[in-house]
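Trainee: Following the hints, position chain A against chain E.
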Amino acid sequence: DGGITQSPKYLFRKEGQNVTLSCEQNLNHDAMYWYRQDPGQGLRLIYYSQIVNDFQKGDIAEGYSVSREKKESFPLTVTSAQKNPTAFYLCASRTTARGSNEQYFGPGTRLTVT
Amino acid sequence: EDQVTQSPEALRLQEGESSSLNCSYTVSGLRGLFWYRQDPGKGPEFLFTLYSAGEEKEKERLKATLTKKESFLHITAPKPEDSATYLCAVQANNDMRFGAGTRLTVKP
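Note that the protein sequences, when read in sequence, are chains E and A. Using my numbering, the letters of the first sequence correspond one by one to residues 1 to 114. Using my numbering, the letters of the second sequence correspond one by one to residues 1001 to 1108.
Pulled out of the complex, with its shape left as it was, chain A reads as follows:
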């Protein structure tokens, strides 16, 4: 069965303290791995799609990487406004499987 596991569940960082979020997955026939940002009480906001091992995407302080079994979301010098829950999802066939998310808090 397709599975997506995100770690850690929660992460607290000081402003400027870089770190990484992990998304490990088991899926047959990966058609894409997706990262989303979700603020409390709102819908997820699309960040990145990765399709093959070795692929990397960047946006401002965020960089997503992909291997055959996991993806990392690296956050460089985070700011308080980066505080949110980050969701990872994988697509196989017609549906998407989501992880439970990592709740990131960045303190000033």
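Okay, chain E solo, but in the shape it has when bound:
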């Protein structure tokens, strides 16, 4: 089955610890994205990558880091510098073929930092 997987579904961390969220896709998509979702707000873009070994900051990149060493994988690290890390994190991917702009989402990871 083709799709996007995120793990774990729930993650709990103590303040001051870095944590890495996994995102894997087997859709052969070139572009991958990380969003953060908070209650009552639209999804906000953290980082995106259009191609392996390249990525760009989104609107709220501070306190986060990413890597794109493989086409299938785009892990997100939430560092201790992120002031309000508790949120629902969504990974998405998209083909860069002409005529197809929609993004497809994974199931999400809910991170709670106390």
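If you're looking for bench data, these hints aren't it; they were derived computationally from the structure. Note that the structure is predicted; figures quoted are calculated from it, not measured. A virtual CB, placed ideally from N, CA and C, is assigned to each residue, including glycine. Some clues are possibly wrong.
If you want a taste of the chain A side facing chain E, the calculated C-beta under 10 angstroms gives, among others [what the hints assert, rightly or not]:
no., residue
1, S1007
2, F1034
3, G1041
4, K1042
5, R1097
Example chain E residues on the side facing chain A (calculated, C-beta under 10 angstroms, incomplete) [claimed, not checked]:
no., residue
6, K9
7, Q37
8, Q41
9, L45
10, D59
11, G63
12, F88
13, C91
14, E102
15, Y104
16, P107
17, R110
Mentor: Leaving out everything else, chain A in the frame of chain E:
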């Protein structure tokens, strides 16, 4: 700055009671408007893409329309299983801007 505003924030309908959700946007160089459905605790599920004013797309009880400034998601004779949050997003350049969503509840 690109903006997407969805209304209402929440909508409660009786089963069979048709209605519409609104998504108004300001963006330079629209490359697509997207509708997603999101169930609680899950990732958004893609529904439709609209590219130009006048375009319409349909899927079961849902119909999406697009003008130069807004899009509507019409729900005809909804059922309880249509209860979800519906997200609208617009694409300009390389990123997508999302609205805050409309939380739809359909009561039997």
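Trainee: For every hint, state whether the structure bears it out.
Mentor: Now the hints, each set against the structure:
1. For A:S1007, the interface hint is violated, the least distance from its beta-carbon to any beta-carbon of chain E being 13 angstroms, above 10 angstroms.
2. The closest approach between the C-beta of A:F1034 and any C-beta of chain E is roughly 6 angstroms, which is under the 10 angstroms cut-off, so the hint is satisfied.
3. The criterion of a C-beta within 10 angstroms of any C-beta in chain E is met by A:G1041, whose closest approach is roughly 7 angstroms, and the hint holds.
4. The criterion of a C-beta within 10 angstroms of any C-beta in chain E is met by A:K1042, whose closest approach is roughly 6 angstroms, and the hint holds.
5. Taken as an interface hint, A:R1097 checks out: its beta carbon lies about 7 angstroms from the nearest beta carbon of chain E, inside 10 angstroms.
6. Taking 10 angstroms as the C-beta cut-off, the interface hint given for E:K9 holds, the closest approach to chain A being about 9 angstroms.
7. With a cut of 10 angstroms, the hint placing E:Q37 at the interface with chain A holds, because the nearest CB-to-CB distance is about 9 angstroms.
8. A cut of 10 angstroms between beta carbons decides the hint on E:Q41: the least distance to chain A is about 6 angstroms, and the hint holds.
9. The closest approach between the C-beta of E:L45 and any C-beta of chain A is roughly 6 angstroms, which is under the 10 angstroms cut-off, so the hint is satisfied.
10. The interface hint given for E:D59 is met, as the beta carbon of that residue sits about 8 angstroms from the closest beta carbon of chain A, less than 10 angstroms.
11. Contact between E:G63 and chain A, as hinted, is not supported at the beta carbon level, the nearest pair being about 19 angstroms apart and thus beyond 10 angstroms.
12. Given hint, E:F88 at the interface with chain A, holds; its Cβ is 8 angstroms from that chain's nearest Cβ, closer than 10 angstroms.
13. Nearest Cβ of chain A to the Cβ of E:C91: about 8 angstroms, under the 10 angstroms cut. The hint holds.
14. With a cut of 10 angstroms, the hint placing E:E102 at the interface with chain A holds, because the nearest CB-to-CB distance is about 5 angstroms.
15. Residue-level restraint check for E:Y104 holds (minimum Cβ-Cβ distance to chain A is 6 angstroms; threshold 10 angstroms).
16. Checking E:P107 against chain A: minimum C-beta separation of about 5 angstroms stays under 10 angstroms; hint holds.
17. At its closest, the beta carbon of E:R110 sits 7 angstroms from a beta carbon of chain A; the interface hint therefore holds under the 10 angstroms criterion.
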